[in-house]
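Undergrad: Sequence:
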Amino acid sequence: MAGPTAAGRKDGSDQLFASARLFLLLQLASRLGTFALNQFLIRITSPDVFGATTIQFELLMGLILTAAREGVRCVILREGNRIQSARTTENGQCVPSTVLLPPNEQVAHNLSFVAVAIGALFDVSLSFFYIRHASSTLRSSPHFAPTVTLFAVGGILELLSEPLFNRAQVLGNVQLRVRAEGLAILANCATILACMVKPEWFGVGRHLGSTYGLMAYGWGRLSFGLVILLCYVYAFHRSIGARRTRALLWPRKAIVHGQSRYLSPKGISISWAMGKQAMLKHVMGESDKIAVARLGTLEDQGGYALASNYGSLILRILFNPVEEASRITFSKTLGHILSAQDGSVMSLSVDDENALQSASSMLAGILRLHILLGLFFATFGPPLSRSAIYLLAGDRWACGTTAPIILGAYACYIPVLGINGIAEGFLTATAGPRQLGTYNWIIMLSSATFIMSLWLLQWVPALHQTALVWSSALSIGVRAAYSWWYMLWFFSLQPSAKHAANMAPTAILPSTPSLITFAVSAYLLRAALASARVGGSCPVNVRQVVPSIGIGAFFTLACLFACFTFERRKLSVALSAVRSRGKSKAS
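Heads up: the sequence shown begins at 1 in the numbering used here, then just goes up one per residue.
Any given hint could turn out to be false.
[As the list claims (entries may be wrong)] Listed below are the simulated SDA-like cross-link pairs for lysine to any residue, each with C-alpha atoms no more than 25 Å apart in a straight line:
| hint | residue 1 | residue 2 |
| --- | --- | --- |
| 1 | LYS266 | ILE290 |
| 2 | LYS570 | ALA522 |
| 3 | LYS570 | LEU515 |
| 4 | LYS198 | ALA145 |
| 5 | LYS276 | PHE113 |
| 6 | LYS570 | ILE371 |
| 7 | LYS198 | VAL124 |
| 8 | LYS266 | THR438 |
| 9 | LYS276 | VAL124 |
| 10 | LYS266 | ILE442 |
| 11 | LYS276 | ILE118 |
| 12 | LYS570 | CYS559 |
[What the hints assert, rightly or not] Quick list of the computed label-pair ranges, beta carbon to beta carbon:
| hint | residue 1 | residue 2 | range |
| --- | --- | --- | --- |
| 13 | THR512 | ILE451 | 32 to 38 Å |
| 14 | LEU524 | ARG569 | 24 to 30 Å |
| 15 | GLN544 | THR512 | 36 to 42 Å |
| 16 | ALA117 | ARG243 | 19 to 25 Å |
| 17 | ALA501 | ALA553 | 35 to 41 Å |
| 18 | THR137 | VAL542 | 34 to 40 Å |
These aren't lab readings, by the way, just hints derived from the structure by calculation. For clarity, every value in this text was computed on a predicted model and none was experimentally measured. Each residue gets a CB set at the ideal place from its N, CA and C atoms; glycine is no exception.
With the hints as constraints, model all of the structure from the sequences given.
TA: Now the structure itself:
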């Protein structure tokens with residue numbers, strides 16, 4: 001019978017699939033609920049306002065939040081799960097067993113307050129700097145400074161929820177995060193919609209409503225941060241009571257190794273390393289938006305923002321839930337193996353060996369599924385992008401902006417992002433300080449790749465409008481390649497060669513018949529659409545879009561049949577091996 005340690009780890013893979021399934025369903029429900037609101041907003045929002053808020057202001061908030069919190073989240077997750085100080089209630093929620101956290105957990109939890117303090121400082125200073133030094137075109141927009149102020153206040157409100165967010169992550173309460181974010185997104189969209197349709201509710205005359213677009217998005221961002229904070233406070237207050245909730249919202253000293261302290265040097269060191277890495281990754285991940293913000297007009301930014309929003313919607317619904325759940329699981333089960341300061345492998349127990357076998361099986365199945373999904377996006381996204389934009393956003397966006405072309409390129413970018421998300425999540429969950437330091441250099445190499453490829457692609461006329469997307473794909477590809485190499489290296493250090501064999505590219509790539517089916521479908525689909533389209537003109541009504549959708553549906557069925565025929569066994573074996581791990585360990 002498995003001991004306490006085994007019992008703590010034997011359900012890692014089952015938890016991955018349960019959490020990912022729940023995360024996916026809740027994400028899908030919340031995204032579909034807000035998708036209709038977003039579609040209405042897009043149709044009544046001008047491209048310049050949409051570009052300013054989605055590119056400029058969201059870049060500012062993303063920079064502030066990443067700098068403040070991303071460095072500590074993984075550290076808190078690693079340290080917090082080393083001590084089993086929680087109990088699971090009948091409804092599946094975990095709550096602390098005492099008012100005060102155990103010393104090691106308290107010291108890790110205190111990092112949340114460092115994130116809040118740093119974030120508030122960055123929020124105020126960067127927002128003030130942005131108001132003073134934004135482009136003259138943007139500063140002359142109606143209500144520019146008040147809008148930035150509302151975004152800043154919304155960011156601070158979101159930061160105040162960080163201690164409770166991190167505690168929920170440690171306790172494995174995935175559904176709380178999804179509920180909070182779903183309600184916050186819904187509140188954001190509803191507030192923007194109310195501002196646009198009924199500006200008099202916010203003290204603005206209806207005759208000035210057309211100039212209230214920026215402020216509408218500012219009020220929406222404020223409501224987003226407020227709802228996030230209220231959701232976490234309410235959930236913890238309801239599950240553990242007011243006293244315990246207040247204890248989580250204030251730092252406390254703890255006795256660790258005979259010393260009374262707020263923070264541990266090791267936690268600060270790893271947080272600093274991960275914080276630098278997170279900032280580099282964020283700048284690289286948003287480099288395309290940074291470039292279009294500097295080089296493009298507000299209308300261009302609007303078209304780019306619309307295309308990237310549709311692309312990222314797919315990432316958030318399909319890929320991010322699995323990425324988040326797997327990162328949490330790997331942090332819990334494998335985060336200690338390379339925890340030595342020099343990055344060497346710690347001594348492995350029988351439970352560690354089983355966890356390694358489960359992890360390699362998980363990664364193999366997840367990556368194989370990601371590659372298959374990526375093939376669908378690359379095959380059908382580019383030729384059907386204009387039809388999709390027309391149906392979703394109308395002819396103004398489909399015919400008057402670069403959104404269709406960018407969305408087509410983004411469809412090929414999505415697979416790279418998905419694979420990198422899983423591989424990089426494994427790296428950040430398991431790497432020691434030495435490996436994290438090396439990865440910082442890889443991120444800088446990725447930055448150089450982006451700059452060089454962007455400069456080269458500007459000389460290719462056919463790729464001029466999509467150069468930012470392709471440059472981003474190449475730079476993310478560098479990170480994905482290194483993260484994949486790291487996975488191979490990590491498993492090669494272990495005694496069993498089977499772990500590394502599971503991660504070999506030849507073991508994960510789809511079969512040759514499947515690849516041929518996708519390639520032939522991609523070619524025939526493009527040829528059929530080219531012959532059916534008159535001069536590549538923009539559709540003027542829905543009836544002109546129906547043929548392209550019908551042709552795309554036919555080839556989609558062909559690819560699905562190929563996957564069912566040639567890939568079903570590989571996927572079922574990989575996923576079944578993970579699901580059966582808990583049973584084998586209990587025997």
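Undergrad: Now tell me if each hint is right for this structure.
TA: Here is what the structure says about each hint:
1. About 34 Å separates the Cα atoms of LYS266 and ILE290, which puts this hinted pair outside 25 Å; it is violated.
2. For the suggested pair LYS570 and ALA522, the alpha carbons sit about 24 Å apart, so the restraint of at most 25 Å is met.
3. With a CA separation close to 15 Å, the supplied pair LYS570 and LEU515 stays within the 25 Å bound.
4. With a C-alpha separation of about 22 Å, the suggested pair LYS198 and ALA145 falls inside the 25 Å cut-off, and the hint holds.
5. This hinted pair checks out: LYS276 and PHE113 have alpha carbons roughly 18 Å apart, not beyond 25 Å.
6. Distance hint between LYS570 and ILE371 is fulfilled; the C-alpha atoms sit about 13 Å from each other, no more than 25 Å.
7. Taken as a hint, the LYS198 and VAL124 pair is broken in the structure, with Cα atoms around 30 Å apart against an allowance of 25 Å.
8. Proposed proximity of LYS266 and THR438 is supported: the alpha carbons are some 18 Å apart, at most 25 Å.
9. Using a Cα cut-off of 25 Å, the hinted pair LYS276 and VAL124 holds, with the two alpha carbons roughly 21 Å apart.
10. A distance of roughly 23 Å separates the Cα atoms of LYS266 and ILE442; the hinted pair therefore holds under the 25 Å criterion.
11. Of the pairs offered as hints, the one joining LYS276 and ILE118 holds, with about 14 Å between alpha carbons and a cut-off of 25 Å not exceeded.
12. Under the criterion of a C-alpha separation no larger than 25 Å, the hint pairing LYS570 with CYS559 is consistent with the structure, at around 16 Å.
13. The hinted range of 32 to 38 Å is satisfied by THR512 and ILE451, whose Cβ atoms lie roughly 37 Å apart.
14. Distance hint check for LEU524 and ARG569: the Cβ-Cβ separation is about 27 Å, which falls inside the suggested range of 24 to 30 Å.
15. A C-beta distance of roughly 37 Å is found between GLN544 and THR512, which places it inside the suggested range of 36 to 42 Å.
16. With their beta carbons about 24 Å apart, ALA117 and ARG243 fall inside the hinted range of 19 to 25 Å.
17. At roughly 38 Å, the beta carbons of ALA501 and ALA553 sit within the given window of 35 to 41 Å.
18. Separation of THR137 from VAL542 is about 36 Å and conforms to the stated range, judged on CB atoms against 34 to 40 Å.
When the structure is compared with the earlier hints, violations turn up for hints 1 and 7 and for no others.
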